[in-house]
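Student: The listed protein sequences derive, respectively, from chains A and B. Quick note, the first sequence lines up with residues 1 to 211 if you use the numbering used here. Quick note, the second sequence lines up with residues 212 to 697 if you use the numbering used here.
Do not take every clue at face value.
Now the in silico label distances, taken between C-beta atoms and shown as ranges [unchecked claim]:
1) A:P96 x B:I529: 31 to 37 Å
2) B:S511 x A:T36: 42 to 48 Å
3) A:W28 x B:I529: 16 to 22 Å
4) B:E507 x A:V52: 16 to 22 Å
5) A:D125 x B:E556: 39 to 45 Å
6) B:E556 x A:K163: 19 to 25 Å
7) B:K553 x A:H21: 57 to 63 Å
Stretch by stretch, here's where chain A covers chain B in the computed footprint (C-beta under 8 Å, at least three residues) [what the hints assert, rightly or not]:
8) 528-541
9) 554-568
No more than 25 Å apart at the CA atoms, straight line, and that leaves these computed lysine to any residue pairs for SDA-like [to be verified]:
10) A:K30 x B:K559
11) B:K553 x A:L115
12) B:K688 x B:M438
13) A:K30 x B:A525
14) A:K92 x B:A525
15) B:K660 x B:M649
16) B:K688 x B:I218
17) A:K30 x A:K47
18) A:K158 x B:A547
19) B:K559 x A:T159
20) A:K29 x B:V517
21) B:K217 x B:L398
22) B:K553 x A:V155
23) B:K576 x A:E40
24) B:K591 x B:N534
25) B:K553 x A:P14
26) A:K92 x B:S575
27) B:K553 x A:P90
28) A:K29 x B:M587
29) B:K591 x A:R23
30) B:K553 x A:K29
31) B:K591 x A:T13
32) A:K158 x B:L536
33) B:K605 x A:W17
34) A:K92 x B:D249
35) A:K92 x B:L542
36) A:K158 x B:L542
37) A:K30 x B:A596
38) A:K163 x B:E556
39) A:K30 x B:S520
40) A:K92 x B:E550
Hint data in this document are derived by calculation from the structure and do not stem from the laboratory. No residue lacks a Cβ here, since even glycine has one placed at the ideal position from N, Cα and C.
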Amino acid sequence: MSTLNTGHRKQSTPVNWPEVHRRLEDAWKKTEHGWTPTPEERQRILKERARVLAQEPPREEAEDVLEVVEFLLAYETYAIESSFVREVYPLKELTPLPGTPPFVLGIINVRGHILSVLDIKKFFDLPEKGLTDLNKVIILHHEAMEFGILADSIVGMKTIPIKALQPALPTLTGIREQYLRGITPERIIVLHAEKLLSDNNIVVNEEIRAS
Amino acid sequence: MTIDKKILSGYGVILGILVLLAAGAFYALNVVERTYTDFLDIDQELILGATELKLEARDQAASFRGMLLFPDQGPGFIQQLEESWNRFDSIIARMRNLPQSAEQRSKVEEIASIQLRYEEEQKKIVALIKQGKRIDLARVREGTFPLADELRRKCDEFIQQQRNVLTAELANVGQTVSQMLIVLVSLSALALVAGAVIAFSLSRSITRQLREAIAQLSSSAAEILAMTTQVASGAAETATAVSQTTTTVEEVRQTAQVASQKAKYVSESAQKAAQVSQAGKKSVEQSVEQMRHIREQVESVAETIVRLSEQSQAIGEIIATVNDLAEQSNLLAVNAAIEAAKAGEQGKGFAVVAQEVKSLAEQSKQATAQVRTILMDIQKAMSTAVMATEQGSKAVEAGVKQSGEAGESIRVLAESVTEASQAATQIAASSQQQLVGMDQVAQAMESIKQASSQNVAGLKQAEQAAQNLHQLGARLKSMVQRDQVS
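Take the sequences, apply the hints, and build the full model.
Tutor: Structure follows, in structure tokens:
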């Protein structure tokens, strides 16, 4: 009886079936014609584009700017010089490698090229702040050195004026000063890719790994 | 011993004595008559025969003498003689045939033998005469005369003897008759005495019984009178009670009529209720059918929703793929930007395109995120809908069950109502019969009333009759007492 009563209570506002049919019809029509935007939508998109195009492109000088790849790692935004970035790649089919330091996660196959993947958090002895995506690999290269570092996600390319860079407090971030290039006002931590790539620690490790 | 038996036995005794007397008288009369007949038939006949024999002997002697005296007329005398012989023989034969004593018989035989000898002598003489010879008369006298004398004497003797016998027997008969007379007289005296005794005793006993009976009759009549009076008063009371009972019966009859009407009304109501319950049963069956239909619909809805859920899952997969594609596009855009940066000044245009591609990929990602959100909402709504339909299905199930129970209840109710209807019909019929019975009882009470009034009348007559009986008893009593006195 209780179920019946609740049922009755639920049905106390009778269903307006014509309204329901109408709404379903509308939804169906919308789905059907969803691929062609409505005139208003079209107008809105065009206006947005016009607004974007109307913006004066920021003036920049070749000496003063730094082309970086911005990425997220452990809820912080990092950036690395794009000249040392060969490409970004999704983390797929990571093979863990035994007998390596903790910051070496394993190796991946990028179009037939075997690369080691490092976790710079562990490399920098940063504290763990919970699990994150860690599904992107930024492949760095300099001279003979080539490896990938993990990232949660890639934000994109960015140009940073070198003047805007300020030395960050090492205690604040915990990253060793030698690997830091600076920090922007937008709190983007810019890594020193060249130093990172030519670090002996990594090489030593590589030797150890090789041996 | 009843009175008629007493009277009959008294008369019987007297009649027996009378019969005895009559029989004795008859017997005596018979004896005397037989004796006299013997006298007449035998003794008298013997005397007569002997007298005739004497006459014949005399005739023979006369004829013989005539023959001798008158030889010329010889043949005529001879003929007479022969005739006389023959007559003599026939008389002798007749006498022999009569019953007689030995003495008489010897006398007769003696007479016959003498006759025989006499006849032979005569025949010798007759033969001589016929031969024409000379007859010696002396010899004839010596030969025939003594015989003739003896014959006559014997005959006289026989007659005398017979007379003596007759006299003796007469005396004997007289004695017998006097004895009989004595017997008869004594018997008559006995009968007289017996009759007197019986009459006296009968009269006494009958009178005593009659007196007792009359006394009883008298007292009984008195009792009957009293009883009749009582019964008459009782009958009057009965009449009152009967009239009261009649009134009560009338009331009961009216009550029965009311009960009959009520029972009819109840029967009709029960029949209507039975029809209504039949309709209710049908409605419940229809509602059960509807409920089943609803359950099917709800199940179909649930199935549809499940299918929708599966399809939305497919959409989710597609969206995941799209998201993946957007991600890859994003990466590609980044890579393109990196390459453009490497290209320096020439790569600037390409960098713009890469930026544009990247922004598109971002937008796609956002769109897919929105779609995913919507899809999650949809799936939540679907779960709710599925649960709702499940509950609805259960509710419908319960409804079906309850409808079934309701149907069963209504069926039972219908049966009960039908039974009640039948019972009410029976009650109606019974009360109708009761009504008829009450009518009959009323009629019977009427009859009883009439009968009791007739009874009262009859009791009055009976009272009168008892009065009469009482008077009759008194009269009878006085009659018997008068008889006693006289």
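Student: Now, for every hint given, state plainly whether the structure supports it.
Tutor: Hint check:
1. At roughly 32 Å, the beta-carbon separation of A:P96 and B:I529 lies within the given 31 to 37 Å, and the hint holds.
2. About 34 Å separates the C-beta atoms of B:S511 and A:T36, a value inconsistent with the hinted range of 42 to 48 Å.
3. In this structure the hint that A:W28 and B:I529 lie 16 to 22 Å apart at CB holds, the actual value being about 19 Å.
4. For B:E507 and A:V52, the hinted distance range of 16 to 22 Å is not satisfied, since their beta carbons lie about 57 Å from each other.
5. Checked against the hint of 39 to 45 Å, the pair A:D125 and B:E556 passes, with Cβ atoms roughly 40 Å apart.
6. Take B:E556 and A:K163: their Cβ atoms lie about 22 Å apart, and the range 19 to 25 Å holds.
7. Between B:K553 and A:H21 the beta carbons are some 59 Å apart, a value that agrees with the proposed interval 57 to 63 Å.
8. With a threshold of 8 Å between beta carbons, the proposed coverage of the stretch 528-541 of chain B by chain A holds, since 3 of its residues qualify and at least three are required.
9. Under the rule that three or more residues need a Cβ within less than 8 Å of chain A, the assignment of the stretch 554-568 of chain B holds, with 3 such residues.
10. Between A:K30 and B:K559 the alpha-carbon distance is near 40 Å, which puts this suggested pair outside the 25 Å criterion.
11. The hinted pair formed by B:K553 and A:L115 meets the criterion: a straight-line CA distance of about 22 Å does not exceed 25 Å.
12. Note on B:K688 and B:M438: the hinted pairing holds, with a Cα-Cα distance of about 22 Å set against a maximum of 25 Å.
13. Of the supplied pair hints, the one linking A:K30 and B:A525 holds, its CA atoms being roughly 20 Å apart against a limit of 25 Å.
14. Restraint check for A:K92 and B:A525: the C-alpha separation of about 24 Å stays at or below 25 Å, so the hint holds.
15. For the hint linking B:K660 to B:M649, the alpha-carbon distance of about 16 Å falls within 25 Å, and the restraint holds.
16. Between B:K688 and B:I218 the CA atoms are separated by roughly 21 Å; this keeps the pair inside 25 Å, and the hint holds.
17. Straight-line distance between C-alpha atoms of A:K30 and A:K47 comes to about 23 Å, which keeps the hinted pair within the 25 Å bound.
18. Among the hinted pairs, A:K158 with B:A547 is consistent with the structure: their alpha-carbon atoms are about 13 Å apart, no more than 25 Å.
19. A C-alpha spacing of about 12 Å is found between B:K559 and A:T159, which places the hinted pair at or below 25 Å, so the restraint holds.
20. This hinted pair checks out: A:K29 and B:V517 have alpha carbons roughly 23 Å apart, not beyond 25 Å.
21. Proximity of B:K217 to B:L398 is assessed by CA-CA distance (about 23 Å); at most 25 Å being required, the pair is judged to hold.
22. For a cut-off of 25 Å, the pair hint linking B:K553 to A:V155 stands: about 18 Å separates their Cα positions.
23. Taking the CA atoms of B:K576 and A:E40, the gap is near 23 Å; set against the 25 Å cutoff, the hint holds.
24. A C-alpha spacing of about 21 Å is found between B:K591 and B:N534, which places the hinted pair at or below 25 Å, so the restraint holds.
25. Between B:K553 and A:P14, the direct Cα distance comes to roughly 67 Å. Violation of the 25 Å bound is thereby established for this hinted pair.
26. In summary, the hint linking A:K92 to B:S575 is supported, as the alpha carbons are separated by about 22 Å, within the 25 Å threshold.
27. The hinted pair formed by B:K553 and A:P90 meets the criterion: a straight-line CA distance of about 21 Å does not exceed 25 Å.
28. Distance restraint check for A:K29 and B:M587: the Cα-Cα separation of roughly 22 Å lies within the 25 Å cut-off, and the hinted pair is therefore satisfied.
29. This hinted pair checks out: B:K591 and A:R23 have alpha carbons roughly 19 Å apart, not beyond 25 Å.
30. For the hint pairing B:K553 with A:K29, the CA-to-CA distance comes to about 48 Å; that exceeds 25 Å, so the pair is violated.
31. Annotation: proposed proximity of B:K591 to A:T13 holds, straight-line Cα distance about 22 Å (limit 25 Å).
32. The straight-line distance between the Cα atoms of A:K158 and B:L536 is roughly 23 Å, inside the 25 Å bound, and the hint therefore holds.
33. The straight-line distance between the Cα atoms of B:K605 and A:W17 is roughly 23 Å, inside the 25 Å bound, and the hint therefore holds.
34. At most 25 Å may separate the alpha-carbon atoms for a hinted pair to count; A:K92 and B:D249 exceed this at roughly 194 Å.
35. Proposed proximity of A:K92 and B:L542 is supported: the alpha carbons are some 14 Å apart, at most 25 Å.
36. With a C-alpha separation of about 14 Å, the suggested pairing of A:K158 with B:L542 holds against the 25 Å cut-off.
37. A threshold of 25 Å between alpha carbons decides the hint, and for A:K30 with B:A596 the separation of about 23 Å falls inside it, so the pair holds.
38. Of the pairs offered as hints, the one joining A:K163 and B:E556 holds, with about 21 Å between alpha carbons and a cut-off of 25 Å not exceeded.
39. Using a Cα cut-off of 25 Å, the hinted pair A:K30 and B:S520 holds, with the two alpha carbons roughly 20 Å apart.
40. The straight-line distance between the Cα atoms of A:K92 and B:E550 is roughly 22 Å, inside the 25 Å bound, and the hint therefore holds.
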